[in-house]
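Asks: These are the residues of each chain, in order.
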Amino acid sequence: MKRLQLQRWSNSVLSTRARTGSHLQHHLYNAVRRQSSTAAAVQPEFSTGEAEHETFEEIKLKTILRRTHSRPNQLKYPSPPTHAAHESAKLAALHARLYLPSRLPYETLARTLVDASADQDPNFNNESLSTLGHDLLTYYTSEHLICTYPRLPLSVIFASMYAYVGPKTLTAMTREWGVEHASSPGGEVDPGLLQFQRLAPGTELQEKEDGPRPYQSQPHWRKTVTSKIFYDNEFGDTAKTAAEGVSADQASATFVRAVMSAIYLHAGRPAAKRFFQQHFLSRHLNMAELFNFEQPTRDLTRLCARENFERPVAKVIAETGRKSRHPVFVVGIFSGQDKLGEGQGASLSEARERAAVAALKGWYLYSPLNVRLPSAMEEDEAAPWKPVHVDLGEVIV
Amino acid sequence: MFSRSVLRRFASDLRMSAPSTISGAAPHPQRACLHQTASLKASQEQASSQLSSSKPESPLSATPRAQTSQPTTNQRTPPNNFIPQNRSHTPDEKRPVAPEFKEPLKVTRSLMERLPHLVGQAPHYVVAKLHDKPYLLTPGDHVRLPFLMPKVQSGDILRFNRASALGSRDFTLKGNPHIDERLFECRVRVTGTDAEPLRIKEKTKRRQRHVQQIRSKERYTVMRVMEVRVKTPEELLQEGAVIVEEGEDSPAIEAKA
Amino acid sequence: MTVQGLRTVTSAQNGAGAFILQCKRLDLHYNLQGASSHGLRTFVQTLLPKFARQYPQIEFRVSPTPKKHPVVRGHYINGREKPICVRNMQPNEILKKVILLKEASGEKNRRQSKPVRSLNESVRGIWSPYHGDLRGV
Amino acid sequence: MAAIITGPKRPWLTLPFLLPSWTDSLVLGSRRHQSSYRRTKQRLRVKPDASFGSSAERQDHIIYNPPSSAPNVYHTPTKFLPPDDVRRAMRPEEPVKQDVESLPGVFKKVYEKKYHLNPSDIEEIRKLRLEDPMKWSRHKLAKRFDCSPMFVAMVCEASQQKKEIQKQVLEAVQSRWGAKRRMAREDRQLRREAWGRDM
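Chains as they are written, first to last, in our numbering: chain H, 1 to 397; chain R, 398 to 654; chain S, 655 to 791; chain P, 792 to 990.
Heads up, a few of these hints could be off.
Unchecked claim - Lysine-lysine pairs mimicking BS3-like chemistry, simulated, CA-CA at most 27 Å apart: (1) P:Lys905 x H:Lys315; (2) P:Lys926 x P:Lys953; (3) P:Lys931 x P:Lys958; (4) P:Lys832 x R:Lys530; (5) P:Lys905 x R:Lys530; (6) P:Lys838 x R:Lys526.
As the list claims (entries may be wrong) - Just so you have them, the derived chain R footprint on chain S, three or more residues with Cβ under 8 Å: (7) 680–691; (8) 753–763.
Hints are computed from structural coordinates only; laboratory data are not their basis.
Backbone N, C-alpha and C fix where the C-beta goes; we use that ideal spot for every residue, glycine too.
Chain H on its own, in the form it takes in the complex:
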């Protein structure tokens, strides 16, 4: 019999049932070898690699294996049983790695890792948790965005919401938290792995049918921002689902949302806010890169008319090599004596458009000093409320 490579044993092949192995190996090891004196807190996972070099152990292993699998509590359930959460080293490591509060029990953390596609029972999957977490995340993000940048146009708010708590970001965070995916869900899986029913390759995602939409026959009618706010999700997308299974992105996003709500439920609001600030708001995003203007000069003229500023005029501030192959123009846009924006380009029209873009970004990216969020008032002994800046809204042409 060819000896199996230990690496494979301990990695992917056995990963779904690594805890089973560890459990029985632990027994076996203490009984036979009396060598492991590692502390109970460590819970080392002994791989089954040693099983084959002693016949006595092999026999014992087989009996234990048979007994384990005949035990109804392992394979009967679609997701790991609750008591398994305390025996998983992966789960404890994840709990410690995220510095989760001690009030958040392992069982809840294990539940956040079970997707609805793995276990349909709402008492054991993370669907309800993720709904709450989703609301919390979008609430805190939108509150932060609207208070810090009160003049952002709605489409840019959608884009920045997507950047902060969109499914792609949440997937990246799951990866950065060191959460691994189980290859397929089941009761014998280590509770520290993310469990979901994988999407079959080549499956097409369908748009979710949730209630009637007006003017469904004219699909382009729903493309207005107002319709997006009303009918679509917080990023302005229509929700998409498949008949069976979910994509890894969806499952990861659900998991992160569920963790957020688990902290909220077990450790309270301040802890949840802190978690949000440290894990979500500390990520890097350059807001100025989210804008895409189609006709910046026209928008700027409209803006100045709306705000009763003088009509914007483009003036050349500096230039070089007008008759050469690579000229450079620096154009400023002035309203009266005040400079609104400045742009640089290889042609006068390019420099002018860039200057208009800079001026519009200067308007939209206004951020007041000492911003206080409305949710800060939820805490006790909060300072008296100072109203935040509320803007008229974006320029409508």
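Starting from the known structure of chain H, arrange chains R, S and P on it as the hints suggest.
Replies: Relative to chain H, chains R, S and P alone:
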């Protein structure tokens, strides 16, 4: 060296006798200047004389328990064969102490007048000095020091207290040669150690076939800048700063050269 | 639509807010009989429990490998792994290696000439000859 | 040019006892050329701004030294700040403003808006445009009514027929383009779209 040992003894005496008096009740103005590092808990964690490390007001985790990577005090007695790796293993009397300020922070009137301009103009950068080498830092930066910093481990928060300049786009707070550490806060978190690829230098000598190979693989400390903040005038006054008039030799405003 | 929002993803800055230890798992493989594994066996018995209690973020796996030299292998969040052979090492030496694995980021070792790497744009901007006052070079 | 700005490492003038009285012309003449890569590099190395150098002040102080770089979009122009923002009062220190009127404009001629057309004129424009779109193009209408072609486009639209014809003309022209020209035109279009994203 003498003064440090005296200070250390003083601090350890304080620790023995009344650990709660300083951080707790009735801070007199000099003490109040010590910002958050004033509490003794923080002073125990100081990394070196140049860096004082402290915890921010709100710890990283939801509960303090989860954040501290150190065991509690009763676990601190190391066994014989255990190498001390972090500060929690070093005995109290061997740890560096927090800076003791003899007098309150003195700021000139012109600095007080211009400070709101600097504070109101985010973002800020700081030219922090470490072993007299400048590092231009902004929040979120990844720093790989050109050396391995001793007695730190990943997750530790250090406070850089020596800077030659701190500025925003249009304003620069300059010190001569360093800014007073009570004017700003710059915190970094140690994220681990990094190593360069193994270098092999071949040494040859004349008339000798033997080629000596010198191997070197330096290790470096990697950090992430958590915050760069300049304090507002209100905070400074609250911490006991004293406004002084400019000296006769200093011009009021130094225009751009 | 006068202005469109472009979709991007925020980039992680581990340590700027929350800090996540990059080493997620340590595998300790040793031989049950071999003399070269003696140090690791002693390490597992004496020093490992304390170390593991100190760093609950790391998952430890201890498993015997017959007829092989002992190996400590660190698994990192970025998917890479770092194996270190610890044959004939004393427990204290092994502890140093384990600490090395714990502190590492999992990235490949690279030469880096500049000490500071930043995602932020320059605070004072990039010098341009068309702005500010003129000066000779 | 370089010889004027940069001096030798140790100027002769600092050692006046070495200089005879007739060396004034010789100092310029005997200056070394920047013959090596290293020297050129060294001279081209940009020194830190002079305001960052050491100053006579002994205490911590704040200086106002705006950088010579393009403005940042995160720094809202003073005009765009809401009236209750404290930063409005903090910005008196703007450098001496150059007179905006004296700066050259982007366009050669600035057209004053006249607002001289009345509704009946506009009706006539529409009528003419519909009657004979081939004859009454936008530019011709603009010339006749003394307004801009832009205004004509705002007021009325060409008939479907005219649009079709125009489309065919364009296709005929584009069919004669080779690969190079087509690619160049497409690239130009892409570059133009990038202006709005400020890339």
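Asks: For every hint, state whether the structure bears it out.
Replies: Now the hints, each set against the structure:
In summary, the hint linking Lys905 of chain P to Lys315 of chain H is supported, as the alpha carbons are separated by about 22 Å, within the 27 Å threshold. Of the pairs offered as hints, the one joining Lys926 of chain P and Lys953 of chain P holds, with about 11 Å between alpha carbons and a cut-off of 27 Å not exceeded. At roughly 20 Å between alpha-carbon atoms, Lys931 of chain P and Lys958 of chain P fall within 27 Å of each other, so this suggested pair holds. A distance of roughly 23 Å separates the Cα atoms of Lys832 of chain P and Lys530 of chain R; the hinted pair therefore holds under the 27 Å criterion.
Of the supplied pair hints, the one linking Lys905 of chain P and Lys530 of chain R is violated, its CA atoms being roughly 65 Å apart against a limit of 27 Å. Among the hinted pairs, Lys838 of chain P with Lys526 of chain R is consistent with the structure: their alpha-carbon atoms are about 19 Å apart, no more than 27 Å. For the stretch 680–691 of chain S, the stated coverage by chain R is not satisfied: 0 residues place a CB nearer than 8 Å to a CB of that chain, which falls below the threshold of 3. Residues of the stretch 753–763 of chain S lying with their CB closer than 8 Å to a CB of chain R number 8, which satisfies the three-residue condition for coverage.
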